[in-house]
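Enquirer: Protein chains in written order, with this note's numbering: chain Z, 1 to 363; chain D, 1001 to 1363.
Hints in this document: simulated from the structure, not taken from any laboratory.
Hints are not guaranteed to be accurate.
As the list claims (entries may be wrong) - Subject to a maximum C-alpha distance of 27 Å in a straight line, what follows is the list of computed DSS-like cross-link-like pairs (lysine-lysine): (1) 1003(D) - 1260(D); (2) 1314(D) - 1003(D); (3) 1003(D) - 45(Z); (4) 260(Z) - 3(Z); (5) 45(Z) - 1260(D); (6) 212(Z) - 3(Z); (7) 1045(D) - 3(Z); (8) 314(Z) - 1045(D).
These figures come from a predicted structure and were not determined experimentally.
Protein chains: 2
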Amino acid sequence: MAKRVHNFNPGPATLPLAVLEQARDELVDYRGTGMSILEHSHRGKAYEAVHHETLARLRALLGVPGDYAVLLVQGGAHQQFAMAPMNLLPPGGHAAYVVTGRWGERAIAEARTVGEARLAASTEAGGQYARVARDDEADVDPGAAYLHYTSNETIDGVQYQRVPAAPAGVPLVCDMSSDFLSRPVDVARFGLIYAGAQKNAGPSGVTIVIVKNDLVARARQDLPQVFRYATHAAHDSLYHTAPTFNVYVVCLVLRWLEQKGGLGAIEAESRRKAGAIYEAIDDSPEVFRAPVERESRSRVNVVFRLPTPELEAKFLAGAEAREMVGLRGHRSVGGVRVSLYNALAPESAELLAEYMRAFARSA
Amino acid sequence: MAKRVHNFNPGPATLPLAVLEQARDELVDYRGTGMSILEHSHRGKAYEAVHHETLARLRALLGVPGDYAVLLVQGGAHQQFAMAPMNLLPPGGHAAYVVTGRWGERAIAEARTVGEARLAASTEAGGQYARVARDDEADVDPGAAYLHYTSNETIDGVQYQRVPAAPAGVPLVCDMSSDFLSRPVDVARFGLIYAGAQKNAGPSGVTIVIVKNDLVARARQDLPQVFRYATHAAHDSLYHTAPTFNVYVVCLVLRWLEQKGGLGAIEAESRRKAGAIYEAIDDSPEVFRAPVERESRSRVNVVFRLPTPELEAKFLAGAEAREMVGLRGHRSVGGVRVSLYNALAPESAELLAEYMRAFARSA
């Protein structure tokens, strides 16, 4: 029996044990083909089956409408920070960005290397982000090429529990990296969704893009082929060599998700896990302080602080001694961050909540 | 004992069995850490050790001079077709391309979406490429921002057995994807080398870039951060989430390469493998025809034709029956292609040569 810690890493993150075991068992000889999935051609039958199954499962799980393309690309959300404006921002046009955390900051900064990106709203206050933006405070020009937001801010622990409104005719673009596949999504409300796989969907090295066909059709054409959504859409994401193993693991995760009951079931579990941690926080306000406003609290990245750096260090050391790892807050903000992605067992979240209660009693 | 075929795939391609077995054995619990390498944070100790070992091994194996950066990025050679001109082609400047096959065609076409890319030489004749370019036929303006060539054309089987000359002050840029790590390279003669890992260096999903610091320093700064070599150089290729598992497998391959005796030893083995196949071709000119001129013959991708499509099909079927797979020529050119990457056992090449001789006798 392999050792298994409670892995609260923010991404790359915990994966289902059953997925890892299957990947291990198939690693040297993929289903009797006499070679590893790592060694199969991206143009061969074995990998192509995995590739198309992955695309089909994403469509089915998320209920992606027929007039959207689902793409598998490389470069993570960071590359999408650039590719979204490169494709969707016409010369002389402008886009609107709502910023509710550090990734939104990066997204707008990168967009500004491409064209005009206007800050429609920011919830930054004193260097911190503690909430999502209200629709009525976002100043979005009706002529904006798109409205960009980040559904979950991994570092700040700020998450939208609704889809924000956009003016009629302004497509919504969403960086969904860290809560993608953690709950159902009404894809029809979006022009573009992108997500690095390394939170809920699989390993790092592959990025999922869901984009409406009409946006692809009217996107800029004066770009390098490799950066055009149209290129990847026209070739079923096999324009160039796919990150084959990474896609294969995503495929295994999607099968596991279906066995779990799909996105409705996973959302219910996600609510329970996050509920357990927030309850432990709220029950001991003298020891744990959640900086994020209640209705903006993330169910995938729960952040909190302790009264002193010494207590935080003691808390983290105690957690590590109990084989609960990956709880240190992002280096830019400090504190504690509890990442509760799909593959984190509910028992791990409960164990952490118990430890928090015991810690609070003894503190 | 797992089944193991003779894998002549052109990429993704065969990997050393010892590497696959180690990856399998460590997949669920990476060295007693209680999690998979797939689940480790790219900012954690376990992965960072792998990452920096990979960079250090690349430096050591290739003897990379101190004034070069070694980068690990995503997107394959296709993304470098764009990133190289985006970084190195100044506004109003021009670059020179020598085209000796289909990948060179793609490289110059992509560069032309970025700026002015001039065809310095092409060896295309009647829709085919059969040789590298002579230095005296390449018309390179001394003011060119760089001179680009492809050291090995995977589809056409055309390989440079020397480093082409460039006018003084014109940096040499090389797509080395398919013969990277198959022989020693004098890195100091290049401004930029790039290579998708999925031939000799590892799995698909990670790209190795070696670039001279002075080129990085004077590269364009008005690009998205994620496409600037400077960004990745400044962050030791951890600006954003690395494709962690892919880099890990590259690291294992580099260790295996060192155990094999390094690039000198692997080149000697590569010569023997290619020699066996070319000998089998040349010994039966009535059955096998190598379209590439002798001094431009690739040691990593040997291409040949049979007199009729029927004989080619019979040849490929017979190979498959002997568990020799991946021999079909690229769909754009047809014929037979024998990819002889580092991890292909010499015995597999010998077995194929024997089969070719037997086939020729019976044909």
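Enquirer: Is the Cα-Cα distance between residue 314(Z) and residue 1045(D) 27 Å or less?
Expert: holds, 20 Å
Enquirer: Assess, step by step, whether the Cα of residue 45(Z) is no farther than 27 Å from the Cα of residue 1260(D), and give holds or violated.
Expert: Outside the cut-off at roughly 32 Å; violated.
Enquirer: Quickly compare the C-alpha distance for residue 1003(D) and residue 45(Z) to 27 Å and report which way the hint goes.
Expert: holds, 18 Å
Enquirer: Assess, step by step, whether the Cα of residue 260(Z) is no farther than 27 Å from the Cα of residue 3(Z), and give holds or violated.
Expert: Given that 27 Å is the threshold and the Cα spacing comes to 24 Å, the pair holds.
Enquirer: Does the alpha-carbon distance linking residue 212(Z) and residue 3(Z) stay inside the 27 Å limit?
Expert: violated, 44 Å
Enquirer: Checking one constraint from the list: CA of residue 1314(D) to CA of residue 1003(D), max 27 Å. Satisfied?
Expert: Holds, at about 24 Å.
Enquirer: Are the Cα atoms of residue 1003(D) and residue 1260(D) separated by 27 Å or less?
Expert: Satisfied, since the Cα-Cα distance of roughly 23 Å is no more than 27 Å.
Enquirer: Does residue 1045(D) pair with residue 3(Z) here, judged by a C-alpha cut-off of 27 Å?
Expert: holds, 18 Å
Violated hints, listed in ascending order, are 5, 6; each of the other numbered hints is respected by the structure.
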